[in-house]
Amino acid sequence: MDHLALDPELPSRKPSRRRFMKSGVAFGAAALVVGAARPAPADAQSPGEPMPAPDDPSKVLGGPRRPYGERSRFETAIRKAFRGKTDEVGPIMTPLQDLHGIITPSALHFNVNRGGVPDIEPRKHRLLIHGMVDRPVILTIDDIKRLPSVSRILFIECAGNTSSEWRAAALKTVQGTHGLTSCSEWSGVPLSLLLREAGVQKGATWIVAEGADATGNERSIPMAKAMDDILVAYGQNGEALRPENGYPLRLVVPGWEGNVNVKWLRRVTVVDRPYMTRMETAAHTSLMPDGKARQFLFVMEAKSVITFPSGDQRLSGPGFYEVTGLAWSGRGLVRRVEVSTDAGKTWRDAALQEPVLRLAHTRFRFPWRWDGREAVLQSRCTDETGYVQPALADLVKVRGLNSIYFNNAIQSWRVAADGSVHNVHV
Amino acid sequence: MSMCRPVVVAGLVALVSVATALPSHAQLPTYGLGRAPTGKEIKDWDVTIPSDGRGLPPGSGTAALGKTIFSARCASCHGESGDDAKYGRLAGGQGTLTTDKPLLTVGSFWPYATTLWSYINRAQPLDDPGSLPPDQVYAVTAYLLYLNGIVGEHDVIDARTLPQVKMPNRSGFVPDPRPDVEKPPKTKKR
Chain A
1 MDHLALDPEL
11 PSRKPSRRRF
21 MKSGVAFGAA
31 ALVVGAARPA
41 PADAQSPGEP
51 MPAPDDPSKV
61 LGGPRRPYGE
71 RSRFETAIRK
81 AFRGKTDEVG
91 PIMTPLQDLH
101 GIITPSALHF
111 NVNRGGVPDI
121 EPRKHRLLIH
131 GMVDRPVILT
141 IDDIKRLPSV
151 SRILFIECAG
161 NTSSEWRAAA
171 LKTVQGTHGL
181 TSCSEWSGVP
191 LSLLLREAGV
201 QKGATWIVAE
211 GADATGNERS
221 IPMAKAMDDI
231 LVAYGQNGEA
241 LRPENGYPLR
251 LVVPGWEGNV
261 NVKWLRRVTV
271 VDRPYMTRME
281 TAAHTSLMPD
291 GKARQFLFVM
301 EAKSVITFPS
311 GDQRLSGPGF
321 YEVTGLAWSG
331 RGLVRRVEVS
341 TDAGKTWRDA
351 ALQEPVLRLA
361 HTRFRFPWRW
371 DGREAVLQSR
381 CTDETGYVQP
391 ALADLVKVRG
401 LNSIYFNNAI
411 QSWRVAADGS
421 VHNVHV
Chain B
1001 MSMCRPVVVA
1011 GLVALVSVAT
1021 ALPSHAQLPT
1031 YGLGRAPTGK
1041 EIKDWDVTIP
1051 SDGRGLPPGS
1061 GTAALGKTIF
1071 SARCASCHGE
1081 SGDDAKYGRL
1091 AGGQGTLTTD
1101 KPLLTVGSFW
1111 PYATTLWSYI
1121 NRAQPLDDPG
1131 SLPPDQVYAV
1141 TAYLLYLNGI
1151 VGEHDVIDAR
1161 TLPQVKMPNR
1171 SGFVPDPRPD
1181 VEKPPKTKKR
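Protein chains in written order, with our numbering: chain A, 1 to 426; chain B, 1001 to 1190.
It is worth saying that the hints were derived from the structure and are not from the lab. There's no promise every hint is true.
Which bits of chain B does chain A cover? Going by a derived footprint, with three or more residues having C-beta under 8 Å, they are [claimed, not checked]:
| id | stretch |
| --- | --- |
| 1 | 1031–1037 |
| 2 | 1060–1066 |
| 3 | 1086–1097 |
| 4 | 1103–1115 |
| 5 | 1118–1128 |
| 6 | 1174–1188 |
What follows is a list of derived Cβ distance ranges for each label pair [what the hints assert, rightly or not]:
| id | chain 1 | residue 1 | chain 2 | residue 2 | range |
| --- | --- | --- | --- | --- | --- |
| 7 | A | D272 | B | D1155 | 28 to 38 Å |
| 8 | A | A81 | B | R1170 | 31 to 41 Å |
| 9 | A | A81 | B | P1185 | 37 to 47 Å |
| 10 | A | T76 | B | T1098 | 41 to 51 Å |
| 11 | B | T1187 | A | D272 | 41 to 51 Å |
| 12 | B | D1084 | A | V424 | 46 to 56 Å |
| 13 | B | V1174 | A | G203 | 21 to 31 Å |
| 14 | B | D1127 | A | G63 | 36 to 46 Å |
| 15 | A | E70 | B | P1058 | 47 to 57 Å |
| 16 | B | A1072 | A | G199 | 45 to 55 Å |
| 17 | B | T1187 | A | V398 | 20 to 30 Å |
Derived EDC-like pairs (lysine to aspartate or glutamate); straight-line CA-CA distance at most 16 Å [stated by the list, open to error]:
| id | chain 1 | residue 1 | chain 2 | residue 2 |
| --- | --- | --- | --- | --- |
| 18 | B | K1067 | B | D1083 |
| 19 | B | K1186 | A | D349 |
| 20 | B | K1186 | A | E384 |
| 21 | A | K397 | B | E1182 |
| 22 | A | K85 | B | D1084 |
| 23 | B | K1183 | A | D394 |
| 24 | B | K1183 | A | E384 |
| 25 | A | K397 | B | D1083 |
Here the structure is a predicted model, which is why all the values come from computation and not from measurement. Quick reminder that beta carbons are idealized off the backbone N, C-alpha and C, glycines included.
So here's chain A without its partners, still in its complex pose (with noise of 0.2 Å):
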């Protein structure tokens, strides 16, 4: 099956050479004009080395006010796909490494894609409700936007998210290890809204929804969750949704697996079963060791992750460090999360940055005096229902080793003397 396919870490991408070129030529145009070309002209240059950028930058004119925004040069966070089979097929993961606080900037939001990302021109897109409704519909994107819509921070995280790490400690960082989890304000129309207005009929149980890719992405949702909370979604972080994460149109399931939140949303059918798709019989369905497989896995179990320090960072000395980290529960609020800096033998808690919302990322904080010795460093969460989040060690007890899916086990990074961070199992 695709998902048990781990290949290398594929090399990462480098920024486009020719697009530090062309910046670098713009910034020392912008210098000549006004006379004070301090930057070298650009035939100066070693090629293909970037423009520097001014010594002060209060001396030279800066640049040009741009239409769409882009952020710094010098930035250079990616996501970056671990595995996949093509360049269309597979995930691509976000630097957690690289965040600050708890939105994640969309062009950074993970995505899982199985037939590429469609090109949709939003005119003519449609949304198709049907089946055990009393009124079948179809809307545009324009009549989903005049429609009573509301914006929610919510993550999504996929059911594969740390699948690279049942049986040793995988991939070097957490970026690797973690980074099929964000988190976005996403906006839209709810669900219950719309199949409130079809009129589902006596004995509709489940829905079916339906991507526009070139896979048809389909999963069936039980009813309660669809009259719940679901959002049909077409913001994201103030904007349009990004094409990856399902341009124009798309469900947000909030807490579910990522999978079930079907991008490029063009048909929910109503219907009195689950429809036993690829996606919920092949895939995303978790084997145990007697043989039997789990179906219909839905809820994210609370999770966390600490960002920093984590995996291939280096530390350059002894002294002070805040540790920090993500955490969230698929059943709700974060309420605690405990650091240890010692492989689990104590605990103290961390302190929870405000706002601290249902079914999002929580930024957690934790002050740290590294000694210099080697140290490892963990978190747990424990969530609204008092679940606290497990060790691997419990989980494979129960799960075995073949499950895939569901890894929310404490993750645990050694620091070494050096001030090396390592992926480890303890």
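Position chain B relative to chain A; hints supplied.
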């Protein structure tokens, strides 16, 4: 009489504006938005096939025919016998689910043959999805079932026979029992 007129006019205006806001074809009654789909639109869009086979189109195929189509359209990724591991092996693995190295394939794991039809129909081949006509989808489905020892080489697979195919792992699925891990002893807040 003259006293009544403005009231009548106001009533008419109200009626007209309601009629404008709620065209007769509007399908969201509260908001007066959306239109009813035509039967053809629903038929064209609704390609989801449940396990009872409802919605399967006319057409049929056999493994013998499917082998040729698979060779031309699928084998470059999946191997002639569906055993190229790069894209996930499609055959074999029966009896491995309780071992250390379970091999999850159509034959060893998939609970319904209809899922196979539905997925090939909508999503395959990867570089030309939805391009196989129903007869070819039936034939390729038959070939994959044949490779897994589930149907015979000349068994006819169609809308009637496909839902009746008994998959070996049909009863291999259980509902979600989580939370399934015992809590660690409580630590004091500090």
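* Asked: Between A:K85 and B:D1084, is the straight-line Cα distance small enough, at 16 Å or below?
  -> holds (13 Å)
* Asked: Can the stretch 1103–1115 of chain B be counted as covered by chain A under the rule of three residues or more with Cβ-Cβ separation shorter than 8 Å?
  -> This one holds; 9 residues, not fewer than the three required, reach chain A with a Cβ under 8 Å.
* Taking a Cβ-to-Cβ distance below 8 Å as contact, does the stretch 1060–1066 of chain B have at least three residues touching chain A? -> violated (count 0)
* Asked: Honestly, do A:D272 and B:D1155 meet the 28 to 38 Å range at C-beta?
  -> holds (30 Å)
* Asked: CA of B:K1186 to CA of A:D349, is that 16 Å or under?
  -> Distance of about 13 Å is within 16 Å: holds.
* **Pairwise hint evaluation, B:D1083 against B:K1067, where the allowed Cα distance is 16 Å at most** => With a Cα-Cα distance of about 14 Å, the restraint between B:K1067 and B:D1083 holds, given a limit of 16 Å.
* **Within 8 Å of chain A's CB atoms, at least three CB atoms from the stretch 1086–1097 of chain B: coverage verdict** => Result for this restraint: holds, n = 4.
* To do: Mind checking the alpha carbons of A:K397 and B:D1083 for me, to see if they're no more than 16 Å apart?
  => violated (32 Å)
* Range hint 31 to 41 Å: satisfied by the CB atoms of A:A81 and B:R1170? -> holds (35 Å)
* Given hint A:E384 paired with B:K1183 - CA-CA distance at most 16 Å -> holds (14 Å)
* How does the Cβ-Cβ distance of B:A1072 and A:G199 compare with 45 to 55 Å: does it lie in that range? -> holds (47 Å)
* **8 Å C-beta test of the stretch 1118–1128 of chain B against chain A, three or more residues** => holds (count 5)
Checked against the numbered hints given earlier, the structure breaks hints 2, 12, 25 and satisfies all the rest.
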